[in-house]
Structures are given as C-alpha cells and as structure tokens.
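Participant: The primary structure of each chain is shown beneath.
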Amino acid sequence: MSWFAKLRSKSVSNQNRPPTGVRSHYGKVMVDPQTCLEVFKNHWRQAYTIMCRHIPTAATIYHRVALTGDEVQAVVNYVDQMMNLLVEEEAVNGKIGPMLQFLTNENIMEKLLDWSVEHSQFADEMKYEQLKVYETLLCGSPQPVLHQKHILNPLLRLLGMCSDANTAEIENHLILLLNQLCVSLYKDPSLLEQFFNAKADHGPAKFLIFSLLIPYVHREGRIGQQARDALLLCMSLSAENETVGMYIAENSNFCHVLATGLSGLYSSLPRKIEIRSDDWHALRKEDYVNAPALLMFLNSLEFCNAVAQVAHPMVRNQLLELLYNGFLVPVMGPALHKTSVDEVIASTTYFDLFLRTITEPALMKAFLRFITTAKYDDHLVMDSLISRITSNSRISVVTLALFRTVVSLNCEDVMLELVLKYLVPCTHVMVSQRRSVKEADLYGKTSEKFLSLTPDCCQIDNNANQQAAPVAMVTNIGVKGKKITPVTTIDQKVAEQKEKEKADLRRFETSYMEYLQDARVGIGQSWKACKCWSAPYDGDNPPEDSVKAEDLHWGQIKNYDRKERVVYGTSRGRSASFQPRSPSEGVDLRPRLGSAPVKSRQTDETQDSGLSSGSDTKPDNEWSLTFNGGRIEAHSPSKTRRKISPTTSSSDSLHSIHSILDVEVHVDGSKTDDKAKEKAVVNGEIEGEVKEEEQKERESKSEDVGTDKEKIVQNGKEEEKEEEKERGQSLPCHGTSGNCSRQSGALANGAGTLHEVQPHGSGGIVGESGGSSASGDQNCSRTHAARNDCGENAGNIAHVHGTASDNGGRNVEHAAHEKDPHGMAGDTSNTDRTATNTLPRSESFEALFNALEGKPIDGELELDMSIENLLNRDVEGKALPPELRTKRSYTKLDPSSLHSNNNLTNDRVVHICKSCCDDDGDNEVFDQSDKTDGKEEKKDAEEEDDDDEAVSMATTPSLGMSPPQTPHGELPQSPSIFRPLHLAFSPIAAQEDKNRIGLPNTGPFIAALFSKLETMMSNSLYVNLLLTGILRQLSYYPLPLLRSFLLNTNLVFQPSVKSLVQILSSVKNKVDYYSETVENFQGLVVRGRNFLSYREQVLYDSESNQMILKDKKQAVGQSPSPQTTPPPTQPTKPQPPPPEPSVGDGNSILEGLSELVWSMTDPFAPPKRRSTFSSFFSSGRNKSQQQGATVPPVHYQSQRQPRPPPTKVPQATAGSAQQVGYTLQESHQTRNAVYCAIILTEFLKELSAIVQEHAVTPPLQLEEITDNSLKDLDHEVFGKAFETADEISGEKREDRGREGDVEVHEIPVTTV
Amino acid sequence: MSSSTKPRKGSTGGGAVRSGVGRKQLPPVPPGAGAPDTTPRALDRRPAQEPSPNGIPTSYGPFFLEYSLMAEYNLLQRQRIPGIYCIPSAKSPLFWFGVVFVRQGLFQEGVFKFYVIVPDNYPDGDSPRVIFDPPIFHPVVDIETGELDVKRGFTKWRRNVNHIWQVLLYVRRIFYKIDTKNPLNPEAAVLYDKELDVFRRKVTETIRRCNEHIYDPPSTDDPHAIRFSSWNPSVHEEAKKQVLSPKKRSESETKNAQTSGLSWVKPGSTKAFTRQEASS
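So the protein lines, in turn, are chains C and Z. Heads up: the first sequence runs through residues 1 to 1312, numbered per the working numbering. Heads up: the second sequence runs through residues 1313 to 1592, numbered per the working numbering.
Wrong hints could be hidden among the right ones.
Unchecked claim - 30 Å max Cα-Cα, derived DSBU-like pairs, lysine-lysine:
(1) K528(C) <-> K1583(Z)
(2) K375(C) <-> K111(C)
(3) K375(C) <-> K338(C)
(4) K187(C) <-> K111(C)
(5) K528(C) <-> K1553(Z)
(6) K111(C) <-> K149(C)
(7) K1583(Z) <-> K1567(Z)
(8) K528(C) <-> K1559(Z)
(9) K41(C) <-> K132(C)
(10) K1514(Z) <-> K1493(Z)
(11) K528(C) <-> K1567(Z)
(12) K95(C) <-> K41(C)
(13) K1463(Z) <-> K1514(Z)
(14) K375(C) <-> K1583(Z)
(15) K1559(Z) <-> K445(C)
(16) K1468(Z) <-> K445(C)
(17) K375(C) <-> K1578(Z)
(18) K1578(Z) <-> K528(C)
Simulated from the structure, these hints should not be mistaken for laboratory data.
Turn these sequences into a full structure, and let the hints guide you.
Facilitator: Next comes the structure, spelled out in structure tokens:
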C-alpha cells in the first residue's frame, strides 16, 4: 500500500507550503529585523492593552466592562500580524530570533490562553483563533517553535481544552493542527520528549495529540483522512520509539478503537448484495464506489493495514490480536455462517474483497489464520467454506472466487492446510511410485496426455483433409442432419459442412504460445513467492512422517470428506480401472481390481445380485464390470445378508433393483469393449448403483439395531424424505418416460439415491450420462425414467414425522460415522445421505439385500452390538447439538432454491457428523467397537470369502477414528493394494485391510474442487472459469508434491485418489458422448467461440478505453459478461443469437460497462494482459497464422506476437451455422455443454502449457540457504535465461592462470 | 531465454517431425546427418510433416521439441560440469555452442570449441553429435570433420535415461581418459599406445593451434556463438569483480502480501501459523 509513502510526500509538501500571502506581503517590505521586532512588540503592546482592559484587577473588579466582539477581533488581528512577522524570522547562528525570543519572554501565548479562558463567552471563537495562530506558527515558522516551552505548554493546554465536544470549525482546525504537530514530531522525534514531559500537568493522557486523534479514526471525509494520516505518523514514530509504542499499546485505546470500529463498520454493510448479472462473483471497484458503507469499511481496513505496516511491533501485535479476536472471530465468523444464503454470499464476497485489499503480511496473516484455523461452532471456518464449493447455487461461485483469491496468495500456511498436508505423507501415491514425485516431465509426455483429452468437437486437425474425419462428427451430422438433403449428397454435404466448421473452429484457435507465456509468468511468480516458504514440498522435505494424523483432522474433516468425496471417492477407483493407463491395465482389469480388495466386496454383491435375479447379464462382462464397481467399499454385507429370509416382502422392488443393476452391468460390459470411450457414462451409472448398494447396506445396518431405534431412525429420515421429494420433482426429465414399468417404485428408489448423490458432484455424472443416453441408449434412458419416478416415489413414501426425528438423524449419522474411519470416508458420507433419504424403504431394500447375499455371516452379531452401542449412546447420552437444529432451519428457509437446499442438507449432515465426532463420548463408543472388531477379525480370518472382509472393514472404522492411528499406519500395508486377485479374497488380505486406517485422500479441498470439476458439463460457464482458474493457480505452484499430484499423469495413485487427468478425461468422454446426441454440436461450439471471442473483444475495448481497471493495477479482466450489447460483428446472424444471451439470463443485458469485466483479480498476471483463460476468447489467432510459413518455435520466436486486432467475427460462421439449421432447443444443458467443451479445450491447453513450463523451471530454491548458494540463486533467477555468460566469465577467472591470455568475450545473452 | 527476431526455418520444420506425441516408432535419422555441416543451417532440411498420431495438432510439435531441449539445458545448467560451457544457438534450439577447458592431463590448457547438434527428432533419435571446431587431434575425434565419436558412449540413445549433459560430461572425459579402441583417428590411437611422446607433441600442437585461433570470430553470425577476446581491464574488470563478489540480496522494502508469498510455518513443522514472528 502506498498510503504511507503518499502520506509522507503529502506531509512534506504540507510542511514546505510557504505561507505565501504572508511572505509576499512582508517579505519585501520588512527587510530590517530590527524594524520587524519593533512592529512586533508594538502589536503586542496594543493587543495586550486591550486584553488588560478586562482583566479583573482590584481597580476594575467592580465596574468591569464586558468584553466585546470588536475587542476580541482587534486582539486577533494584532496577534495575526505578529504571527505573520514571526514566521518570517529565521534563526540566527543557531539562536532563536529576537521576535520569538520576545514571544517567549513575554509568555505571550500563555497570556493569550489565560485571557481566552477568562472570557468564556468567546471560548469557541478564541479557541478557534488560537488554533489558527498555532497553525500559522507551526506551518510557517522556520524556527523550532515547539522547542519553546512557552509555546508548547499553552499549546498543550489549548489542546487539552479541545478534547471535549467541539464545533465543526474547531474540529477542522484542531485536526489540521494535530496533523501538523505529528508531522513536526515525525520530522523531529526529539520533540517527543517534550510532549511526554509536558504531560504531568495536563491530564491523564500522556500523549495528548494521540488521544485527541483517536476519536476521529473512523470519521468520514477530509477530517477523518487527516486524522488517520496524523495517526499513521504517530505509528511510524512508535516504530522507532519504544516509549511511544508502549504508550500506544498499553495506555491508549487506539487498537481497541480500530478493531471495534471495524466491527461496527462491518455491521453497517449491506446484508445482501444485489447480483445483477450471471457472471457476478466478486466485488469490484465499480461495485462499491457507490457504496459508502463499504468504502468506509475499506478505508478503515486500509488504515489498519497501514498501521500494521508502520507501527511498533507491540502496537501491531496488539492490533492484530484485537482484529482477530474482536473482529474476525466474533463478527466475520458468524457472518460467514449466517442462516440466510444471501447474507452468506455477501459475507463471502466481502471477505474476498478484504483479502484482495490487504497488502500487509501481518494483517493478511490474521485474516488467513482466521479462515484457516478459526472455528465457528466447533468446526473450522475453512471446512464450512470448502463445503460450499460443491453447492449449485451462487454461494458456490462466490466461494470459488474467494478460494481463488486465497490460493493465489502463495501462502504456505493456507496451502498446507488446504492441500499440502494431505500430500506430504505421500500416501496418495502408490508406494512404488513415491520416488517419482520429484521427477520432471522432460519430454512433454503429460502435456500430450492433456492435449489428447480435447473433446472431439473441439479438435482442430491441421491435417484434417488427409485424415479420416472423426467418426462422431460424421455420424452426428450424417444421421441427424437435415433430412431435406438427398441421401446421395449427404455425405458430400456433410463433408463440406464439416470442413467449414473445422475451418470456423480453426479461426478461433487460440495461441498455445500465449498459454506458455502465461504459464511462465504464473509459475515464475509462484516460484518467487514460494522462496520464502519453509520447505520445498518435494516429497523429502518436509519428511513424509512430519504430518501427524491429528493434523489431518481425521475426525472432523473426514466427515467432510465423506460428504464431499463420496461421489468421487467412490467413482475414483472404478474409473481408474476403466482407464487404460497402460495397455496391460486396460486389457486386463483383474490385477487392478484385485488390488482393491476393500471394494471388491461390493462387486461381489453386485455380481450376486445379478446372478440371483437370473438376469440376462453376460457373466464375463459383468464380472469385470462388477469388479470395477466393486472398488467401492461395501461396508457391511454381512448385515444385509443376515436378513435374507425374513424379508422377502418387496420382491417388486427387488426385481427392479436387479434390473437396474443389470442395466448397469450391461452398459459397462459393452462400453469396456469400446475402450474407455464411454467411461464416463458407465462410471456415472455404476456410481449410482454403488451408492445405492451402500445405502442399502446402511439401511440394513441401521435396521439391525433394535427395533425401537430403528423407528427413530426412520423418523429421522422422514424429513429428508420430503426434501428429496422436492428435489425429485425438480429434476429435469431427460429420459423418456416410456420406460416406466411396474418396477418404477423400486427404480424410483434407486433414482432417489442417484439423485442424492448428485449434489456431491459425481451426481453430475449420473445426470449427464443420463442426458447423453437420450440418444437412444436404452439403459441410460431407463435410469432416467427411474429418476423421473423419483419424485413420485418419494411422495408415496411419505411417512409420519417422528418427534424424535432429530435423534434419529443423528443415529444414522453415527452409524455411518462408525464406518467411516475405515477410510472410505467419501463413501460413507455419501452413504449417509443416501441412506437417510431412502431409509423409509429400508425394509424392501433389506429384503433385496438378503436375497442378494445369500451367505450368513458369523461376525454380524458383534457388529450389531457395536452399532447398537453407538446408537444407544446417541439417543441416551447426548442432546442434539445446537448447530444441528440451526442447520435444519437453514435448509427449511430456502425451499425455493432446491439446489442450495441440497447443499445445505449436506452441510447439515456434515455438521451432524462433526458434532458427533467432536464429542468425547464418541471415543468410548469407538473403543467399544474396537473390541468387537477384534473379535470379528478373528472370525473373519476363518472365513474364506471376501464378505468377511467386508464385515471387518465395516467395523474397523473405529480404528481410524482413534487418534493414535495415523494415516501412516497404512503405509506398510499399501502394497497390499497390488495384491493379485486371488489374494484379495483371502483371509490374509482381509486382515491386512482391516488394519488400514482411512484410505489415502487428498483432503476436502481437492475433493470439493474435483467433484465440482466432474460436473463440469453441467456447470455454468462462469463456474467453470472460476474452477479452472483455481486449478490453474494450484498448478502454478512449483512444489513437486502438488505438481506431481495435479500434473503428472504417469504417477499411479492409490485407488482412492482420483487424479485430475482422470476427471478431465471423464469430462471429455461426457462431452464427446453428449455432443453426439446434439444436432450440430460443433456448429454450436463455433457459435460459442464466436460469442466468447466477441466478449473478449468487448472487454479489450473497454479495457483500453475505460479506466475500469485503472485503479486496480493488478486486475485482469477475466471475461466480460455475456450481457452485453448484441455483437455488432454478427450482423449476418441475427436470428440465432449466441447461445448464452439467448437463454434466460439475457434479461440483465446492458448493465453497463462495469458488467463487462470480471474483476477476477489476478495479482500475478501482468497488467494489460489477458489472464490466461480469456485469451482464448480472442479470435484471430488462427491456425494459419501459426502454420503459414513457419510454425513458431517457442523460444526462438519468443516475442509475444502482438495481439491481433480483434477481428471481425467471421461471417462464414454464421452462415454455416444457419445452413445446418438450429432445430435444436438451446437448453441450459446444451449451452453449458457447449461452453464446457470450449473451456475444457482451453483448460487442457493451459494445463499442457503449465506442464511444459514446469519442466523447464528450476527447482524451487528456498531463501534460507547458505551463503554459498547465493550465487546459485542468482543464476536461477527464474526464467531459463541462458546465463552462461556469468559462468563463462567465472570460468575465465579460474582458468586464466592456465590459459594466460585466453579471455572469453562477453557473450551477448538476451534474457526474456 | 534467448530470442531472435526472425524464426528460423530450421527450428520450425524440425519440430514438426516429432508430432508432439512421443511415439517410439518415430525412427529417423536426421537428413543432414551425412556431411558434418557445422553450421546451424544443417538443420534446415527436414522431412515432411507427419500426421499426428493422437489428433494433437502437429503445430504443437515445435513446442514439445523445444521444451524438451529447454529442459535438457536446464538439467545441464544444474550439473555444472567443470570446464564446460554451453549455450544454445539463438536461432535453433537444436544447435548448441560449447567450449571445454581442459585443466589437467595430456590435454591440459586446451581450450576447444565445439558444437552440439541435436537430432530433430529428439529425444527419440540418435544421440546428439559433437563436432570440434577446429578439429582436434584425439583418438576418438575425426581429424577431418572434427566429429567426436559420441556413439561410443551412447550406443543407443534412450529418452529419459540419456541426457545431453551426459554427452557434455563425456566430452570432458575424453581428455582425461583416453580410449583408443576403434578409433576415429587411428594415428592418434596408435601414437598414444605406442609412442606417447609423439602423441604428446601432436597434442601440444593441436592445443597450440586451437589457442591461436581462439580469438577468431565465429564462423556464424549467431549472436550466441561463443567469442573470445583478450583481457581488457576496462571491459572485464568490473564484470570480474561482480562475479567474485556475491550479490547482496536486496531486502525487499515492503512486502506486499498480495504478491510476495507468505509463510508462517516454522521450518521443520507442518503446522500452519507456527512460526513466531521476529519482532523487528
């Protein structure tokens, strides 16, 4: 912040400001000092005469005449004259001038003050005049007037008299005078002593100036500004003067005033922010220039920032402490957890703005410490924030924006908490691969991998002419194209059309070069910033064992995990197996499957179900498939099994479930043949299936508990049931309803679970796969039908609300919780939710399961016992935690926004879980279950099938919960993951697995981001921009651990850890699949590009013409909002407007230029440059440019090509698009998919560029290294500058002795 | 990084060969492999573009190639091989200028300039070639062309295993550990084995010749070409001083929390906000 610098210069200029009027008047006339002195004395004599007139002497005491205004004015005039003379006087030979001497000798100032005190009727006026006198004196006199006791003392007295209420005029001058005093002090700190010494006879406050200023800290306008400036001067004084520092910290209420003032100002901020456009996500300057409350707050915040910068450490620490404990925790904390979504949105954006405003590290520390480690209602603020990422409402957008800010700060502590501490143990990487963490990708392998994930519809092939067109495109257009075209010419036309579209697409091709340069800048900035970190996070430092289990919040975050990771945690394993990482893996899934014994149980069940139902699945496919699915953990098959016989009641639902399973199996089988093409779809469905199963287990489990408990539990579920119903109804129906069969009931149930999954993120997959299936995939559409039914079904299931519903809910949570520690944190959480929703139907499910299982198990009894214990504890021992209730109400508050509702429900679940975990009682419970585990383990060992394993797994969680167990405990066991299949089912394997404590995971933040990313195709453009922006920022970090996790596609992760590339490839598949179902998808892509490039252009123009970004020097417009004037460049294409504005949100068009700019401040991007993502919006950098005569080599033509002037939007685009015809309904879904395709394409390019830049970035060098490395560091100043010149001259020195006259000439080296 | 205003065809075309997807099947020997043309222009001739195997536009090829080489160069810099200095040409990433100072042994006091020519299908092609200019008298260096027998050290070039810095290490080693098997210069080999004195004389001769030409302007106009000039205190003294005195780290005046990077983690700890702020 330049405040202080600014201030200094200002004060200096203030100081130098010549009292021009005076000087010009007297400067020439009064040349003779003697004459001046005479005049001076004369003036005083006259003034004094007037003053004496009214001094109550013995003579006058009885006939005293009242002082008149004229007399006062006369005195004032005389004194003014005197002062004007005085300021002209200069010290001679280090001695004060005669006039000043006279002034002090006569004690004139004191006399004046006494006189004014006498005549209280003119008190204000005289105060005012005297202040002005001192002002003139201080400001104008070249002599050290303040060193004169006879001036200083009356001054202090005068100031003391001003400490009470004053008129505005007096205030003005008082503050001005105080400001001048501070400037004088600042310039001459020796004066300080005077001020402190003078204290004794002037009231309690020692440092009068200071205490006078404090009340004006939060004042608006000029006075406030001057006061703050003055205070800042005091602060910087304090930095050098211990006494002042001590005084401010200990004897003044300055810091309190600041902190509480901030709280007060915050409370006056608007509770709700009016969101005017769809892409709004953060507060920008334009948003708050007209919001005085916010401006006030920012002013004060900036002041705090400045104080923290310049004040004495004691003051600073006190201020920060008070800010933390007096503002952040008690004000910001609750504000971020308000029950109204609007308020939370407002608070989040405020907080984001604050973070972007602060520049002082110490102050930033307080804020970051707050979101990182502070708790609200017993859970971390950060956790609440993370949990909101996966929301589907606006809250997710603003939260993403906040995290984007946070991540871009390059703060080690925050990154440690968010991501790194989960990576440090390195448990996410297969043991054999841990050494590779550090490896750089020299040959761009990973880049290639990323680039290869470009969706088909966005692939621009230079050699398209020679190569066979992608099948998808041909079939797409050929089959679904206009029917008018004669059959014979279809092919030709299609080909032409396609060519045209390719050409159109090519026109919008973005420059890879720019991505490289952006990556370079981004990585470079991060590289520099991370030099001050404590460790390089390269897998060795900090050592793997430096993160303790407790640090990972196994208890708390796990719950979170459960919630967030459910989705992808479960799907991860599967997709991993689907993904042919290496040929061998792709071909033979078995080893991999076997390697995840934990999950195989589930598989088994699935298989069983398929077989028992006598379905028509093909055994082979099914087998492999189910195993894939089996990666998901099935916790307690044993339980469900037990119930086989009693509950065969709902054969109907059973049947239907089977059919679902069959369908999925079927799909899987066929798809696997297709290689990984339909991965996504399959995954989605399987996921649903798995969820379902888990949920069923869950239910059955909870049922096992005593019947009374069961009731409660069910009741508890009812509430959620209702929510579910709502959701179900709100579901978009993609599938045809024709599939509704008698099984609909059961299907609906399944659908319900599927749907439940959705909010978590992977649910998106399900939805999307469903959407894509519309093309005719029966299986998929079936699922859809199921989903449609969901709503109905939910309605049917309506049960009576139990009074004890809360307890019930808790119980269930608890049950789930118990399982969780096992490590499948994600799974369980998901299951929790699903379970809760479907519990009412648990009976039928149970029956189902029993039927499916067929194998009784011995260990179940104990298990049941433990669960029962758990539940009992809950019911009996604990009252419902308060937050649980609040959360509930929270959810109920917003019936309107179903999506957010979902999320909130999630929150609640999490909170519930947390509250459970936090309770001490839980430990006992877990201990108990521990014991039971032990027993079970023994039994399990005797059994031979994997089911046993499942049982043990289900119960072992308690191990994980107990603090002493560390995640490292599993390190030694991790090899077991590679176990061959046969071993996977052996008792030994089972036992090994029992010891596992929590599957490795990468923390809730990554989980949330990834799950959001998985739903990329259904996210809005802006969410995706933010999301990819965060991931980009994360990818910039030059930390091998993080880099390898995000960007190394060759590393093999543990099955429970999903990698970025996996998710992206699943998104690609989804996009590919979906694009086939949409007519002329590619045409839409062209239009999307067209529109985006137009947006960029507008942004560009506005950037250059407007000052929008001026004050934010770092602001880089991300992308303009879509609500802009219709593109003038699209005259030929009026009817079908670009997808974005054409739908819904176009209402807010033309909100003004401010709307054009996304103020995603990217502090690291150089000004004037588009932050990476938007660069693709610019058209014009087309292939031909790159291709032409020379393909640009990276650094051999490294000057950034001048940005081509925004080109006219190609008209051919419009034409061609129209030719194809827009029969398509531009639904939200399609639009999102189109943008998703584009963004994915660009994101992949970006990642690829980042990977390449990482490969040429030298390893991070921390600052605290030995002196020897100093030179090294210099060499490795970021940038691969070829700095051989230095070296050579160094060499020259070494070799000169030998080589004698051989000298190396300076080599011209250009560095970029 | 170096920059040149005008892109060279050499580098661009060359990159296109590797289609950006590192398929091992990519075979070829660079076309210019025959005659050891020691100028970067040798790289001009390139095979026609091959279609991209993965659907990745071939235009990425140059990027991948160049980044691979930049990464290689980075590795090389980190190796700090004593006595060897190397810098890529300003015009082509495939052409590097180098000089080796021999500090002991028979070739002591030798200052030999050389070029490294990287095959344009790097890293899937042959090993890089090293050519001494002027040619030197050495058993494994062709006395006519100056080409070093690199294959001797790298029979098969394997990506990820072999790196260019290893080649340079090998360049250095030939002067300390002389191998006379299958020599490119049989005369030198025989002399070394049989008549060491004569060999010595010949070596001295070659060193002298090299040193005589050390100040010759480079044969290429490439701005990165290594030039030698005699010691000129007015020019070099200052630079030398700078080199010898470690740079003082400029204490960043005021840290800006937005950009300067933040850490309050106590070294050795993995807990956030554990470091005690030094009250300054």
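Participant: So, against the hints stated earlier in the document, which numbers end up violated here?
Facilitator: The structure breaks hints 2 and 15; every other hint is satisfied.
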